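Novice: Chains as they are written, first to last, in the working numbering: chain A, 27 to 136; chain B, 989 to 1100.
Just so you know, these hints were derived from the structure itself, not from any lab. Note that the structure is a prediction, hence the values are computed from the model and not measured. Keep in mind that the hints are not guaranteed to be accurate.
[To be verified] No farther apart than 16 angstroms at their CA atoms in a straight line, the calculated lysine to aspartate or glutamate pairs in the EDC-like style are these:
| # | chain 1 | residue 1 | chain 2 | residue 2 |
| --- | --- | --- | --- | --- |
| 1 | B | Lys1026 | B | Glu1093 |
| 2 | B | Lys1029 | A | Glu31 |
| 3 | B | Lys1028 | A | Asp65 |
| 4 | B | Lys1006 | B | Glu1040 |
| 5 | B | Lys1026 | A | Asp94 |
| 6 | B | Lys1029 | B | Glu1088 |
| 7 | B | Lys997 | B | Glu1040 |
| 8 | B | Lys1028 | A | Glu82 |
| 9 | B | Lys1007 | B | Asp1083 |
| 10 | B | Lys1006 | B | Asp1073 |
| 11 | B | Lys1029 | A | Glu35 |
| 12 | B | Lys1010 | B | Glu1072 |
| 13 | B | Lys1010 | B | Glu1040 |
| 14 | B | Lys1029 | B | Glu1040 |
| 15 | B | Lys1041 | B | Glu1055 |
| 16 | B | Lys1029 | A | Asp65 |
| 17 | B | Lys1007 | B | Glu1055 |
| 18 | B | Lys1029 | B | Asp1073 |
[Said to hold, decoys possible] Label pairs and their in silico Cβ distance ranges:
| # | chain 1 | residue 1 | chain 2 | residue 2 | range |
| --- | --- | --- | --- | --- | --- |
| 19 | B | Glu1032 | A | Asp94 | 41 to 51 angstroms |
| 20 | B | His1067 | A | Thr133 | 21 to 31 angstroms |
| 21 | B | Asn1058 | A | Gly54 | 24 to 34 angstroms |
| 22 | B | Gly1016 | A | Gly67 | 23 to 33 angstroms |
| 23 | B | Asn1058 | A | Gln45 | 39 to 49 angstroms |
| 24 | A | Glu103 | B | Leu1100 | 44 to 54 angstroms |
| 25 | A | Val39 | B | Lys1029 | 19 to 29 angstroms |
| 26 | A | Gly27 | B | Lys1029 | 16 to 26 angstroms |
Think of the CB as a built atom: it goes at the ideal place given N, C-alpha and C, for glycine as much as any other residue.
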Amino acid sequence: GQSLEQPSEVTAVEGAIVQINCTYQTSGFYGLSWYQQHDGGAPTFLSYNALDGLEETGRFSSFLSRSDSYGYLLLQELQMKDSASYFCAFLSGSARQLTFGSGTQLTVLP
Amino acid sequence: DTEVTQTPKHLVMGMTNKKSLKCEQHMGHRAMYWYKQKAKKPPELMFVYSYEKLSINESVPSRFSPECPNSSLLNLHLHALQPEDSALYLCAAGDANTGELFFGEGSRLTVL
């Protein structure tokens, strides 16, 4: 079967670093994406890892280990505006469909 | 500004109504998607169109009928919906090779 697991909630303070983990199970795996969604807004793309290793984009970094079926999103220098839901999603199947995890609600405290 | 435009933003319909949701993109992406999202839940894939052909239908009830008239437009026709179909319906376009989808702001549907 297919599944993704990520923590439901994470809380951190401004300026801190937070890591959101994601483990997955699927066949025909192509890569792992991360999306951010603020309340009432649309999901917005953050990063995509097709190969093992770390991808860095500004304050956000994403990591993938295909052998461990594991990835994480690292958010540095947290800001209040980073409070949102974060979804990992894997790209799989012949039609390369994107399947979302249940989401992690990040709350950044002052 | 979003590069994927969805209309209407809000829709209220009765269980006997027929309505349509519309989605438009001009980014040239050949894959377009419909997702359904309930409050505090992840987006759930409904349909995928690749090069204007339906490539995935995730066992969606026939009261939802997708249509892709051309590479820029995607419609979702709604008929005889149930109150449990009330949700945010998200359209997305993207490159199926990169895991990067561009989502519209969604159409919030309420079925009475």
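Novice: Does each hint fit the structure? Answer for all of them.
Specialist: Here's how the hints hold up against the structure:
Restraint check for lysine 1026/B and glutamate 1093/B: the C-alpha separation of about 14 angstroms stays at or below 16 angstroms, so the hint holds. For the proposed pair lysine 1029/B and glutamate 31/A, the alpha carbon gap of about 13 angstroms is at most 16 angstroms, so the pair holds. This hinted pair checks out: lysine 1028/B and aspartate 65/A have alpha carbons roughly 9 angstroms apart, not beyond 16 angstroms. Straight-line distance between C-alpha atoms of lysine 1006/B and glutamate 1040/B comes to about 23 angstroms, which puts the hinted pair past the 16 angstroms bound.
For the proposed pair lysine 1026/B and aspartate 94/A, the alpha carbon gap of about 31 angstroms is over 16 angstroms, so the pair is violated. Simply put, lysine 1029/B and glutamate 1088/B have alpha-carbon atoms about 20 angstroms apart, too far for the 16 angstroms limit, and the pair is violated. With a CA separation close to 24 angstroms, the supplied pair lysine 997/B and glutamate 1040/B exceeds the 16 angstroms bound. As the CA atoms of lysine 1028/B and glutamate 82/A are separated by approximately 28 angstroms, the hinted pair breaks the 16 angstroms bound.
Pair hint lysine 1007/B plus aspartate 1083/B does not hold up; C-alpha atoms about 29 angstroms apart against a cutoff of 16 angstroms. Between lysine 1006/B and aspartate 1073/B the alpha-carbon distance is near 14 angstroms, which keeps this suggested pair within the 16 angstroms criterion. Between lysine 1029/B and glutamate 35/A the CA atoms are separated by roughly 13 angstroms; this keeps the pair inside 16 angstroms, and the hint holds. For the suggested pair lysine 1010/B and glutamate 1072/B, the alpha carbons sit about 21 angstroms apart, so the restraint of at most 16 angstroms is broken.
The suggested pairing of lysine 1010/B with glutamate 1040/B holds, with an alpha-carbon distance near 15 angstroms, which does not exceed 16 angstroms. Among the hinted pairs, lysine 1029/B with glutamate 1040/B is inconsistent with the structure: their alpha-carbon atoms are about 28 angstroms apart, more than 16 angstroms. Proposed proximity of lysine 1041/B and glutamate 1055/B is supported: the alpha carbons are some 9 angstroms apart, at most 16 angstroms. Restraint check for lysine 1029/B and aspartate 65/A: the C-alpha separation of about 12 angstroms stays at or below 16 angstroms, so the hint holds.
Between the alpha carbons of lysine 1007/B and glutamate 1055/B the distance comes to roughly 13 angstroms, so the proposed pair stays at or under 16 angstroms and holds. For the suggested pair lysine 1029/B and aspartate 1073/B, the alpha carbons sit about 14 angstroms apart, so the restraint of at most 16 angstroms is met. Glutamate 1032/B and aspartate 94/A have their C-beta atoms about 26 angstroms apart, which leaves the hinted 41 to 51 angstroms range violated. The given range of 21 to 31 angstroms is broken by histidine 1067/B and threonine 133/A, whose C-beta atoms sit roughly 40 angstroms from each other.
Taking 24 to 34 angstroms as the suggested C-beta distance range, the pair asparagine 1058/B and glycine 54/A conforms, at roughly 29 angstroms. Range check, glycine 1016/B to glycine 67/A: about 24 angstroms between beta-carbon atoms, so the 23 to 33 angstroms window is met. Remark: the range hint 39 to 49 angstroms for asparagine 1058/B to glutamine 45/A is upheld by a beta-carbon distance near 43 angstroms. For glutamate 103/A and leucine 1100/B, the Cβ-Cβ distance of about 46 angstroms falls inside the hinted range of 44 to 54 angstroms, so the restraint holds.
Taken as a hint, the range 19 to 29 angstroms holds for the pair valine 39/A and lysine 1029/B, whose Cβ atoms sit roughly 27 angstroms apart. A beta carbon spacing of about 19 angstroms between glycine 27/A and lysine 1029/B agrees with the range 16 to 26 angstroms that was offered as a hint.
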